[in-house]
Structure formats: C-alpha cells, structure tokens
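There are 2 protein chains.
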Amino acid sequence: MRTYLECIGCLVKQAVEIAQTNLSNESREDFIREVLGGLSRFTYSDSPPILAKNMYSMVRTITGIHDPYADIKAFYNRKALEMYPYLKKIILSSKDPVDTALRIAVAGNIIDFGSGTKESIKIENTIQTALDTAFSIDHLDRLREKLKTATSILYLGDNAGEIVFDRLFIEELGAHKVTFVTRAVPIINDVTKEDARQVGLTDVCRVVSSGSEAPGTPLELCTDEFCDIYYSADLVISKGQGNFETLTDPKRSVFFLMMVKCAVISREVGVPVGSFIAMQRP
Amino acid sequence: MRTYLECIGCLVKQAVEIAQTNLSNESREDFIREVLGGLSRFTYSDSPPILAKNMYSMVRTITGIHDPYADIKAFYNRKALEMYPYLKKIILSSKDPVDTALRIAVAGNIIDFGSGTKESIKIENTIQTALDTAFSIDHLDRLREKLKTATSILYLGDNAGEIVFDRLFIEELGAHKVTFVTRAVPIINDVTKEDARQVGLTDVCRVVSSGSEAPGTPLELCTDEFCDIYYSADLVISKGQGNFETLTDPKRSVFFLMMVKCAVISREVGVPVGSFIAMQRP
Numbered sequence: 000m001r002t003y004l005e006c007i008g009c010l011v012k013q014a015v016e017i018a019q020t021n022l023s024n025e026s027r028e029d030f031i032r033e034v035l036g037g038l039s040r041f042t043y044s045d046s047p048p049i050l051a052k053n054m055y056s057m058v059r060t061i062t063g064i065h066d067p068y069a070d071i072k073a074f075y076n077r078k079a080l081e082m083y084p085y086l087k088k089i090i091l092s093s094k095d096p097v098d099t100a101l102r103i104a105v106a107g108n109i110i111d112f113g114s115g116t117k118e119s120i121k122i123e124n125t126i127q128t129a130l131d132t133a134f135s136i137d138h139l140d141r142l143r144e145k146l147k148t149a150t151s152i153l154y155l156g157d158n159a160g161e162i163v164f165d166r167l168f169i170e171e172l173g174a175h176k177v178t179f180v181t182r183a184v185p186i187i188n189d190v191t192k193e194d195a196r197q198v199g200l201t202d203v204c205r206v207v208s209s210g211s212e213a214p215g216t217p218l219e220l221c222t223d224e225f226c227d228i229y230y231s232a233d234l235v236i237s238k239g240q241g242n243f244e245t246l247t248d249p250k251r252s253v254f255f256l257m258m259v260k261c262a263v264i265s266r267e268v269g270v271p272v273g274s275f276i277a278m279q280r281p
Numbered sequence: 000m001r002t003y004l005e006c007i008g009c010l011v012k013q014a015v016e017i018a019q020t021n022l023s024n025e026s027r028e029d030f031i032r033e034v035l036g037g038l039s040r041f042t043y044s045d046s047p048p049i050l051a052k053n054m055y056s057m058v059r060t061i062t063g064i065h066d067p068y069a070d071i072k073a074f075y076n077r078k079a080l081e082m083y084p085y086l087k088k089i090i091l092s093s094k095d096p097v098d099t100a101l102r103i104a105v106a107g108n109i110i111d112f113g114s115g116t117k118e119s120i121k122i123e124n125t126i127q128t129a130l131d132t133a134f135s136i137d138h139l140d141r142l143r144e145k146l147k148t149a150t151s152i153l154y155l156g157d158n159a160g161e162i163v164f165d166r167l168f169i170e171e172l173g174a175h176k177v178t179f180v181t182r183a184v185p186i187i188n189d190v191t192k193e194d195a196r197q198v199g200l201t202d203v204c205r206v207v208s209s210g211s212e213a214p215g216t217p218l219e220l221c222t223d224e225f226c227d228i229y230y231s232a233d234l235v236i237s238k239g240q241g242n243f244e245t246l247t248d249p250k251r252s253v254f255f256l257m258m259v260k261c262a263v264i265s266r267e268v269g270v271p272v273g274s275f276i277a278m279q280r281p
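Chains as they are written, first to last, in numbering that gives the first Met the number 0: chain S, 0 to 281; chain U, 0 to 281.
Looking at chain S on its own, in the form it has when it is part of the complex:
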C-alpha cells in the first residue's frame, strides 16, 4: 500500500511527540527541521512503514536514542501481563475459547503509539467491545476451517503490550504449531524479541525476527529465512495495520486481524474507523 498525504501528517505528529518526550528545547527545532526535510524527499509510493523506518532511522541518527519508547513498551507489557490471569479465565470459561482468545487478541491491537496515543488507550472497554461486537469484515469461518488442518502457523506480531493478548490466542491455537514474528529492531512500540521475552512468549512458542526494521513486514527488507517460513507456512495470521500495509503479495493468502485505526485504512478496507476486522486476503 502506498503512503497517502494523511500518513505524512501522522509521521510529523509522531516526530513532534518523540521530540517533546526525548529532546531538550534547544535540539527539538533542529530535529524537526531534519525530519521535515527528510519527509519532503522520501518516496511516497513506498508503504507507510517504509517511511516510518526511514524517519525513525533519522531519529536514531540525530538524537542518538535507539529506542525512544523502551520504558513505555515495558510498562504496557507489565500492565498487559497483570491482565493475563483474568483474561485466561474469561477464555477458558467461554463456550468457544479459540474465538474468545482471537477477539481478545484483536482488542489488544488498540495498544499502538503510531496511529493512536497512550492517553486514548482504554483496553478494558475495548476487550468488552471486541467480545460483544460483530466484526465489520468477518472471514472467521474461513479461518476456523484453515485451523482444522494447519500444522504450521506463522503469527506476525505488532505491538508491545498487545503481545500478551497474542500469547493468550497462541496458547489456544496450540503453541507448538506457531512461530511468532517480531521486528528486527525497536521501532515505535512494535514488538521485538525483547518484548517476547518480557511477556514469556519465548517460553511458549518459537519466536523469530522477520529482519524488518520497519513497523511492518516489507518482504524486500526481510531475511531470506523469514521469507521461506512466510511462503511455506500452512497459515499466516497477521496483526495490525503495519503488517497489512506491507503484505500485498497476491501469491500468499494472509488472515489480517486488526482494529481500523485511521481514515487511510478505513478507505482501503471500506469499513469505519474503530471497526474490528478479520480479513483473508487474497
């Protein structure tokens, strides 16, 4: 998916937030000038995660800060882990544990500092909504069918915090079948191997890095090893907008689980912002 003008506005907003959180008053101005100059030169036919990667690479170079969201990510991992026993109980006492765990995993997708802000995250309300609300795009029947026979499931993670909800879902899917995928480096609040360790996912299933330094999975920037697993898995489950924006190869069917968080994705998939979707493409 190409980058739209609204995505540029969103990236500038992220850069402003990074500057305000991490930089002194003196260096903020130079930083934002560099970022604006960079954004004026980037290739907009690239997907938004590629632009984000290029922008965060500038952030690292200019500020020397490798992981501006490290503390917040650890905070959300801890906070989500505290909810784990409560959510596990909901799942195990439900009529259809796989379906309930899937809905909770989609609700966890609300934790995202790229398209949302920390202030607006109301995870408890969102879980209830995900449990009660119909999905606006609902290919869950096809996913259930696939799950009956799939012995290798590639699960593309998205954000810290959310990864605890992914763990709950993966435990229902049969963790031995699942390979969980993280980004190669910290970018925004996206999952890394460190997050998988923090929430105990590394003890539950196989965890690999895609090799991507972008907040998505642009195959041209992933490792050959990852691409092999991607194309050979019986089933690919992808979480979040960043993966959706980058995984467009029609030769590989993917189930996209996500909340629609911005107007651009809303237009792209044809359902309102705030919708939950479980969409097979192609």
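Some residues of chain S that are not near chain U, with every Cβ distance over 12 angstroms (derived):
no., residue
1, Phe74
2, Leu80
3, Ser92
4, Ser93
5, Thr128
6, Leu139
7, Leu142
8, Arg143
9, Glu144
10, Val184
11, Glu193
12, Leu218
13, Pro249
14, Gln279
Now the in silico label distances, taken between C-beta atoms and shown as ranges:
no., chain 1, residue 1, chain 2, residue 2, range
15, U, His65, S, Gly36, 20 to 30 angstroms
16, U, Asn24, S, Asn124, 30 to 40 angstroms
17, U, Tyr230, S, Ala69, 51 to 61 angstroms
18, S, Ser265, U, Thr128, 24 to 34 angstroms
19, U, Thr201, S, Thr128, 49 to 59 angstroms
Read the hints as simulated data drawn from the structure, not as lab findings.
This one's a predicted model, so the numbers in the text were calculated from it and none came from an experiment.
Note that beta-carbon positions come from the ideal geometry of N, C-alpha and C, so glycine has one too.
Starting from the structure of chain S, add chain U where the hints point.
Structure of chain U alone, referenced to chain S:
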C-alpha cells in the same frame, strides 16, 4: 508568541486538507513536498500566524488558488446570518444584553478551520455553553469598566461565520464607536472585507484592513494607518488565537476574547482546551 513543534504538526495537517480538497492526485505529492521543505526552513521564533502566512503564500504560488476556503467561508457566513434574528432576540430579552452578546461572540470563535475542523463545529451547543459557563479567565469587570468611558473601540475580527456573532456584539457596544478590523487577504477562513460585506457589517460600523496577510495581527506587517488606530483607540478587543499569538506589545493593553482550541494556547494561558476566556493583557 513563538511557534512550537505542535504548531508545525498543525500546519502540516492544514496543508494535507488543502491538498485533498483542492488538488488532483498527481499534484498533491509535489505540493506536500514543497510545503514540508518550506516548513523545514521557516523561522520558528516567529509566531504561528507568520508561519501560516508563509505556508499559505506557498499554497497560492504552487496551486494558483487564491482562496481555498472561499466557498466554505461564504457557507458559514450564510449559516451564521440565518441565526442572527434568533440570537438578536436572545440578546435583547436578556438581563444584560452586552454580556450576553459578548458570550455569543466568544462562542462564535468555535468556527475555525485552522485549529479545528468543520466537522467538529457544533455552534448551537457552544452558544448554550458560553451562556451557561463561567469564563476560565474572567476580566469582564475590567472590560465593563472600560466600556463606560471608551468612545473609540478597535475590534479585531478573526473568522468568517464568527463575524456575524461579532456584529451582534458590536451592535450592543454601540456600532458608531467601533472600528472592525479584517485581514488584508484571504488566509484560511479569516475575515476579509468581503466577509464584512457579506454579513452586512460594513453597513453597521467602520471596517478597515490591518494590512496583515497573516491569520493574526503581526504589527510589523500591518499598515501604519492601522498601527496608529491600534495605539490610539480607547479600547482594543481582540478575537481568537491568531490575534492573541501576535499581539504581544506590553505598551498596548488588549482584551482577548477567545476559546482555547489547542494544547499550545492552553499551556500559554494556563487553562484547559475548550475554555472560554476574556483576558486583559497586560
């Protein structure tokens, strides 16, 4: 007031909206690149309206569009004029018509495409709130005192649509005492002489241009004639954030009437976003 990083994000958002409303898909990309490049070079110690002026000047050069908001401004002028008889009745039947008209004029300040969006404008609700709610900064006693003796009142307008509410207030102030001030050229949805004509204000009081091409009143860019009136008037009443951001000369006391619409101004004046204020400075 200097330009803060959030202001840059806000200007980029405005540029994206202009591009989406006025430009073809092909030219949008070049346009936004130019604007980002411009914003990366502007002087941030200038006030936000100066940056806005420079950005909209680029908009005019690149797009050839002199007044991207002409239709929307005319629409809001008409819509506000339709409310005129109803609001006039509220004012005249109230215990304190000057106070009621002032509150309605402040409520009108919600019509602003710079810091808000058209979708979020709920003018009827806002009028009721302005009538019912205490001002978060309330120097109205001082203003009432000044009004007893002032024979020349300079009234700095802000936005189209809102100007109808200003007219109602000016009629209560005694229109013969008032000089209403517009911008020199169309910029965002700010008032021009054309707007004053559209809403009949030119038949009610003297209307002059400040000479400013910015969405504010930076005195260094205003005409000498305007500056003379500014410094000699018995009383200066200023509407909206743009005027507030630019009028900082401690030698001239000004009554600022406005809604607080963004985090930057909220920090600057120390009251929450959404507050109504009537503040004398200095």
